[in-house]
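Participant: Could you put the whole structure together from the sequences, leaning on the hints where they help?
One-letter residues, chain by chain:
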Amino acid sequence: MRFASARLVLLTSFVSLLSAQQPRPSQDELLEQKLQSPFLKNAAWHTDWQLARREATASKKLIFGYFTTVNY
Amino acid sequence: MTEAGPLSTPEFATFAADFVLFCHPESKATQAKDVGLAKRLGVTGLPDIAVFTADGTLIVKVPPSVHSVAQFTRYAARARQLLAWRVAANEGDARAAAALLIAQLEERQLDRSSAESRRKQLKNELEPERKRIDALLLDLRIGEQIRAVHRDLNGRRALGGKFLRMLAADQLPSPAVSRGFWFVIMEHCEAKADVDGFVIGLNGLRRNVALTANGAPWGAKLIADYEQKLAQLQTGKK
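Those protein sequence lines, which keep their order, are chains H and C.
With the working numbering, letter number 15 in the first sequence gets 15, and the count goes up by one each step, no holes.
With the working numbering, letter number 55 in the second sequence gets 1055, and the count goes up by one each step, no holes.
Please note that the accuracy of each hint is not assured.
Distance condition first, Cα-Cα at most 27 Å in a straight line; then the derived DSSO-like pairs of lysine-lysine [to be verified]:
1) Lys1061/C x Lys1131/C
2) Lys34/H x Lys61/H
3) Lys61/H x Lys1033/C
4) Lys1120/C x Lys1131/C
5) Lys1033/C x Lys34/H
6) Lys1221/C x Lys1192/C
7) Lys1039/C x Lys1028/C
8) Lys34/H x Lys1039/C
9) Lys61/H x Lys1229/C
10) Lys1033/C x Lys41/H
11) Lys60/H x Lys41/H
12) Lys1033/C x Lys60/H
13) Lys1131/C x Lys1162/C
14) Lys1061/C x Lys34/H
15) Lys1120/C x Lys1033/C
16) Lys1039/C x Lys41/H
17) Lys60/H x Lys1039/C
18) Lys41/H x Lys1028/C
19) Lys1061/C x Lys1028/C
20) Lys1061/C x Lys1033/C
21) Lys1162/C x Lys1192/C
22) Lys1192/C x Lys60/H
23) Lys1061/C x Lys61/H
24) Lys61/H x Lys41/H
25) Lys1039/C x Lys1061/C
26) Lys34/H x Lys1162/C
27) Lys1229/C x Lys1162/C
28) Lys1192/C x Lys1131/C
29) Lys1162/C x Lys41/H
Think of the hints as simulated: they come from the structure by calculation, not from any bench.
Facilitator: See the structure below:
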């Protein structure tokens, strides 16, 4: 019984160590994830400032800007 | 959270039809576009929401409180009003010029020197405009004075005494003055065991919190902390 517990502790520690060593997502990966966020599919968002400005000029609309970070 | 909250609602999709939407995630990714764009456009905190004209001029920022589509709608109307005043002011409308200056001061878009120079260009200020601009310019001066003594306890206490005398002389800041104004008054009164002055500071803080906290728990906690200090002051304990 004691042997089984010790094995379980060892196994848990090994799994924790593995997960701790997993590399954090890179900034490129985080940016990719952010650009796939569901909220960006709820309406027609631009992520190119110059394009947004051009469209605002053509449509005579104001720009609603949401500024965030890839970590948020 | 704003993204999973209001930005993901059907109401937002309806609201968005009147705007060009732009999302800018700042990052250090190699594929990141326009690094530092937020700062260049006058957006300092992230995440942040603001309304711009097509030429990239920031018209109004949406405060970083709990966001909602109703709040976006209010600020969109505010942005349109500011633009209308700007157009009218450029055409020589003195009232619109005053309204625009007041709105820009309320939105904290101007530093003191540019606000004062804009004020000099106003013609025939009406009494309510004069009072409002005086109060908002006083807010700016107060903000500068508080920042100057930010890390200096004795400086803050002295400034609190000065602010209390200012109030006694009927020089009143706007209700949206920095909370620091009331904090330094209470710091001064606590050091001087001045209960009446402390109450003035606490009442000012209450009005400020009612305006800014939107019922958030931090507001009630802040007031409770200062009420406790007042109770200690009243019983002579420190």
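Participant: Quick one: which hint numbers does this structure break? Sort them smallest to largest.
Facilitator: 9, 15, 22, 26, 28, 29
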